[in-house]
Amino acid sequence: MAFFLHPNIVRYNCTCGSLKPISRIYFCRHCLKIRCGYCVCHEADSHYCANCLEILPSSEARLKKNRCAACLDCPSCLNTVSTRSTNITVQNPDDPNKTVTRKAYYLACGFCRWTSRDVGLPDQTVASGGWPEREHAHAARISSLLEHYKVLALRERQERERKKFTPRRSYLHFSDKFGLTAVMARKRAGLPPLGGLGIKDEAGSILELTPSVASEEVDSLPAEIYTKPINLAHVATLSQRLAQPEFQTELVSNLFPAHKHLMIKRSQRCRSCEHNVSKPEYNPGSIKFKIQLAAYYYVPEIRVVTCEPLRIGQECQLIIKLCNPTQHQTAIEFLPLPSAEEDLEERHKEIEEKKEKQAEKKNAEKTSQGRDDVSVLLPSLSLSRQLSVSEDPHPATVKLTGEVILPSSSVLLPPRDDAAEYDDAGDTYHFQDNPKVVVWRKANKAAVKMVVVPQDSATETREVLIGFVMKYTYVNTMASLEQKEPQKVDLKVKVFINVGKTVGSCI
Amino acid sequence: MLPVTFSRVFRMPLYEGIGLTEKQAVVIDIGAAYTKFGFAGESGPRCIIQTEVKCPETKQVKKVLHYSSKEDLYDLLVEFIHNLYFRHLLVSPKDRRVVIVESLLCPTLFRETLAKVLFRHFEVSSVLFVPSHLVSLCTLGVNTAVILDVGYIEAVLIPVFEGVPVLHAWQAQPRAAEAVESSLKALLLSHNNDKEDFPESAIEDIKVRTCFVTSLERALQLETVEPPPDVVYREGGTKIFNIPGKVREAVYEVLFEQDNDQISISTMILDAIIKCPIDMRKPLAENILVMGGTAMAPGFKARLLGELKYLLQQPKYSSRLALKTFKFHKPPAKENYVAWLGGAIFGGTDMISTRSLTKEAYLKHNNVPDWADLSYNCREEDKISL
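One line per chain: the protein sequences are A and B, in this order.
Going by the numbering used here, the first residue of the first sequence is number 1, and it counts up by one from there.
Going by the numbering used here, the first residue of the second sequence is number 1001, and it counts up by one from there.
With the rest of the complex left out, here is chain B (with noise of 0.2 Å):
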């Protein structure tokens, strides 16, 4: 029930199974801000669309994760998932096996409500809970990695090592899209006295068309190198302001930046490797995957890795961490859709019928099973004491 590990076995097929020929499933990732959903066993998602509803009574765009309470999120996920099935994918729901690929961090009630909605309003056939890290790897075909996911609020991590996640060296910070997104727009009110607020379409388009990550030398002298030229930027066609060049230069900032308690972006890469132990280590720094849509930003990784080469200099980590070299995958897909695509290749493989939560289990019990419940994630003998 639990796909936190994969276990590989060698044996063969008797006969395989009753050849009925399956619907194919469907895999949603929902994110803060984009959805990405498709077909299982497909190789790109159909559509990547923002996770947000317009409201049918009020006409307002509401996001799906700024729910207010259980009964909210339920109304809010009953006409993002009907969207979704009925204006892109175009099947019906009925009877079909769903793939939900999640951090294992979701929040209980949001993980609750989905299956919720899933199994009593949609009535799918089973829904299969993959943790995006850990299904991330199926787009490698490698066993051992660190995952750094960072997307829109926050920045994710979980080493992975031989298929299991070392979830006590997990990492998570609010450096994503999110706080770039507002240093963006902190840095254009202050350069543009005029203006009392940016739109938030605005300022992300901003960010995607204009910004980049520096590189390391020229990020620590970030006052005194010549910035990159101004652009001028037309706002719903009529509207001219100038987006400078420090400011392009200077947005990404926020992630590399060491808080109060020394802590970036690139420290949680480090601080992963530390926690976990000292054979792991090797392999750990020598296969990094970044994912999640804030990682595409042009110069990401060359400044993670410029950043982590730094920081082993650094007394801090040259004590602890005897490491020579970082090195990083490249998924065959673009970053923001890396946990879709390996949710969409397990959720095409036989795991699907193995390992899913299916309908009448659900409704027997109605619970969904998690790696943070004991009832479910509790190995036999220390059961019996529960």
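Bound-form chain A, shown alone (with noise of 0.2 Å):
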């Protein structure tokens, strides 16, 4: 699809305001609005492997830092590496003066001529896995650092959270200035000592933790870096460096294969309603999707068939295609595009409605929570529905360099039927069509007529771009609670038409 469609010739303007052709937008089928890849919400849905197609559980694939535990990486081009196999002789270990034959296995690449013999590492016995992991050298220190500041945030933590609510106890606290310790004063007292309330004895989980120490020696220059000339096959890129940070190696003879890094799956979900527009198979192998609500499906589809040659400030024909995708019938209407302050009004209103609906949801919530002690058991932050953010939107700019004089009737297009293409008996439908208007039409598509007018402004870029509302009827079939039957409802879409270039001279 984004192969015919690529031009952008076609655009659509979505509810955030970006402009996309019809092959990369969304249509909420429950709010019944235009989204698009930016203003959706993206989720990691699945982890697969891209070499080996394997699925990894989010869980395992964290655990494995999304590598994939089969694949490796030739360190060298980064492409997938691919077990080679020999035969090695060996010797017998029943009886020494006899060899054996057995199969040993590298890797290699397929690119680059890599092998894991390169670097030195030993072949294998077994055709998979097997192959040493180098560890992080400084591993145990960072984690013995990470535990210290742990502790140290958790006291901080602690400190501010007593010093919000200090309960006055008792005269107590006088004791520990008269020699007494609060421990001994509490079983004077007859209380419990504090530890039973699952404070732990605070020596106990300081971790010593011995501060780096800070040298006068520097590793200096190799003296033979002034004579010895380099051979630059032998040195690592940047590129080689970065994909294994952690080593960095420098010298391609210390550059050891990695795994291959995980590749995901991704679902999309509508900001405002938090329905899913898209939500793939799980299985890495099969391109189909569980849900797809693509515009493609839903919206009329508007291809330009011809143009008469651009000349500035004269009236051409255009001529473009309308496609109803959907199981209903549909009306098309062309309107002029809204002005400025119509469109700021319009946001305006539905920003209003917005905060109406979250007045009452709150509501809502506030009158089915009656119990407070609910609420405050509750965390907020996992249980309850997140308050929804609004992002600004994103309004393209575009700039319109031709005029468009709309049909004034609109167009009916019957639903799609996929057995028409087969039937030879034609058209069964019989539309009223204006021949002003219609020029064509068959099954589920229709060809209309209407004029540009290219303007001055479309001497600089040479390119005419005419927009138009397009106000079509939509059939919602989404059963709600309020209103089982499908509803007949009018959308309206802004859409943008690169007619072409003009021809002529300018004046």
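In case anyone wonders, no lab produced these hints; they're calculated from the structure.
Glycine is no exception: its CB is placed at the ideal position from the N, C-alpha and C atoms.
Please note that the accuracy of each hint is not assured.
With a straight-line cut-off of 20 Å between C-alpha atoms, the simulated DMTMM-like cross-links for lysine to aspartate or glutamate are [stated by the list, open to error]:
id, chain 1, residue 1, chain 2, residue 2
1, B, Lys1094, A, Glu43
2, B, Lys1116, A, Glu463
3, A, Lys20, B, Glu1079
Every beta carbon over 10 Å from chain A, so not counted as near; a handful from chain B, in silico [claimed, not checked]:
id, residue
4, Glu1154
5, Val1166
6, Lys1185
7, Lys1239
What follows is a set of in silico ranges between Cβ atoms, one per label pair, in the way DEER data are often shown [unchecked claim]:
id, chain 1, residue 1, chain 2, residue 2, range
8, B, Ser1069, A, Glu161, 41 to 47 Å
9, A, Gln314, B, Ser1190, 54 to 60 Å
10, A, Asp392, B, Glu1178, 46 to 52 Å
Bring the two chains, given one by one in their own frames, into a single complex with the hints.
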């Protein structure tokens, strides 16, 4: 689809303001709005290895640091390496005089001819796995640092919480003044020791950390750097070094293969109603979707059929083809683009509506949570619904360079019928079309005539860009609580068409 | 809210909060040339990638920091961070905490736009901005050091004493990778007359693979010493040109040559120490941490130490500084991701829940607290007069 619609001739205006071709936008069937990749919420769905197509659950992927356990990448050219097998002769362990041939496996890159033998990795006796893993040299030090700072941070937090509500405890706190420890005082008063409340011994949890010691010695340059010629083939490039950030080896001879990075399948979710607009099947081998609310299935598609040569200031005929992808009849009407003020008004209206909805929701929540104690117990972050965040609209600036005289009458399009293509009998629909508007019609498609007048502003880029609002009827079949019956609604979308280049001189 | 200082507290927990397993936080260090990112509490970044995006429409590669306006930066960051999450980190950004490792000198526009992108577009649950110089001390376990970060655009130095950055002693000079690369380009062009230009990637590659920082003794008589051997460089597989040994040795000199104001990367350290009170000077000089990708050049630290010792003999400093020794720290990481590692350690602790800017707070005030903003960073008694 992206291929023959690729030159973005016809672009639709998404609700968020960006302009996208129809193959790149979604249509949320729940809020009846157009959404695009920019204004939906992306989520990581399933992790898989692009080489062996194995799916990993997200917890396992996290454990393996998003790397495939089986597949390895070439450290030199970063492509996948393959396992090669050879026969080697080894001494028979039972009889030292005889030799036996055994299979040995090594890694080889088919692209750059790197092999695991280049870096001195011993051959393996099993075909898969078993390659030595390199350990981060400072891992132990870093984990002790982490533990140390964790304790510090925890203490600071406790202190802060303690400061917030310090209950005035009897006069026992004075006892410290007179040489009695708090523990002793409690004992005398017959109270249980503080430890009973889950307080551990303080001294036990302090992790002794040896701070780093600075030294006067630093790594000096090797003396031979001034005399020894370097062979660039032996020095690793920056991309080879950064592919393994923890090691960043400088010499090619120290490059070791790394596990292949995983990939994900993503699902997209509408931000305002939180329904999925796209959800792929988990299996990485499948290219199908469980849910795919692409606009291509719901919004009438527009394509340019032909256009007369465009001359500035002259009326030129443009023929576009409309296609109804839905299972219901639709009526399409063309309206001029609203002015900037009207746009602004509409946006304000939308924002107010949103606010009202939120207020309603809040009220509903309040009434449902009559008991305060429940709401206190529930951690607000994880269990109750998040307050929705609205992103500012992201209007794309469009400079129209042509005027368009739109057809006055609306066009009816019959529902899509997959069998129509094979039906020789022709159309069974009989529409009373205005011949000045509809020039051709077949099944669920119709070609419509309109007039374009390229303006002087087109001289600069020589491209004529027109825009209009397409109003179409959409049958909402989503059953909700309030309405069970399919509902007919009128929807509008702004469409921008790049008609083509002007011809002739510009004078 | 402001993690500019570490306060140390000595009390024990009553209980450990509600034990819901928290999602691993993401730590991002956006540099001018390379972005380091990974998860909090891990020992190394997952990836180090170039800070640039490919425009989906024009297919042009653009550096994120070469933005033209606020809106442009917003779009660039959305594209870039989307790529980070879904190509490299492979997690959903929504309702996940983020730690941003940033310089204390980060422009407000960039900071605010980044927060807006993270909260409004990616709907992260909280953002913790940590100053890179301060958190890199987490990798050492010490509280006092002079931290010199030699990055791509500039070298920034901030001394930290007992966990508090000595802000008035900060130093910043445009003596970093960019200066080295432009000097390398100029030198190469003067030696290869038939060439008109070198692509940036080739220059960077030549710098990383062939050049080094020479010793002070040789640098003082660079014209007379026997130059190191030339290197034949193959560009794009077919074109070959020669990199003279003199160039290999001389490119990093731009960092150490004193300019008209008598400032170089090594005087930055001494000038910063002079600006600090006298009691702080010795501990600072004996705790120097050098980080940033440019500091990984072979011989960089040795030269820096040599320069410091040499400068101390000069009348300008010998009269004002009574220092004898300089000591360098060795962080448990490669220099180019020391700041990231500091952020990962800091973000791996409880600090992330106590010091983060939460989504609720951000949406309420629509503002990011900043040390330079007096409405946040102001003593209580001064606030009344404001």
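Quick rundown of the hints versus the structure:
no. : hint                                : verdict
1   : B:Lys1094 with A:Glu43              : holds (8 Å)
2   : B:Lys1116 with A:Glu463             : violated (36 Å)
3   : A:Lys20 with B:Glu1079              : holds (16 Å)
4   : Glu1154                             : holds (20 Å)
5   : Val1166                             : holds (18 Å)
6   : Lys1185                             : holds (17 Å)
7   : Lys1239                             : holds (14 Å)
8   : B:Ser1069 with A:Glu161: 41 to 47 Å : holds (44 Å)
9   : A:Gln314 with B:Ser1190: 54 to 60 Å : holds (58 Å)
10  : A:Asp392 with B:Glu1178: 46 to 52 Å : violated (33 Å)
In terms of the numbered hints stated before, the structure departs from hints 2, 10, listed from lowest to highest.
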